[in-house]
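Let the sequences and hints guide you as you build the complete structure.
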Amino acid sequence: AQSVAQPEDQVNVAEGNPLTVKCTYSVSGNPYLFWYVQYPNRGLQFLLKYITGDNLVKGSYGFEAEFNKSQTSFHLKKPSALVSDSALYFCAVRDRSASKIIFGSGTRLSIRP
Amino acid sequence: NAGVTQTPKFQVLKTGQSMTLQCAQDMNHEYMSWYRQDPGMGLRLIHYSVGAGITDQGEVPNGYNVSRSTTEDFPLRLLSAAPSQTSVYFCASSLQGPTNEKLFFGSGTQLSVL
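Chains as they are written, first to last, in the working numbering: chain A, 655 to 767; chain B, -19 to 94.
Heads up, simulated DSSO-like pairs for lysine-lysine below, C-alpha to C-alpha not over 30 Å straight-line:
1. B:Lys82 to A:Lys754
2. A:Lys703 to A:Lys731
3. B:Lys82 to A:Lys731
4. A:Lys703 to A:Lys754
Source of the hints: derived by calculation from the structure; they are not laboratory data.
Have a look at this one:
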């Protein structure tokens, strides 16, 4: 069975500081990994994905994520946070041998000016 | 392109009533899915489909039915609504595979069951 854990309900960061939102996963095979963002009263938007190749993937709005197979992690990062980055962030996983896509419980990112 | 269209945006039901949440996409995506979003629970997969005529259960399928008669449409049916089904429902679709895979989400349906 596949699963995703986001251990932090909320992450608070000062504007201009680096941010990290954590994600760990469990699949029986090789994963496809994703990050999505949800702004207030909106649907979810795709940020980035890891399929294969370079462990560091870059996505929208200056975000990047690092795939670590040994630690089964896919943490979301940004070198310098903006107040506009404040939103709800979701990590998701698909086992390559399956079709369904499973999401984590979400992490609320709050960037203070 | 309209993307993923969900209707209605809001719905209030009484316990025991039935209804269908509609979802349509115009991107020729083979994969379609329904999620519910509850505070502290994230997005939980209800049902999904990999093509017309093929559906499968997700993490929380009880109380919900789906069908996929066409590539474009993937309706979610609540046969006898319960207060525990009060939630925000999202439909999402995607191509699958290493090149183009990413979910496109509808704008959501806020459902209250009294």
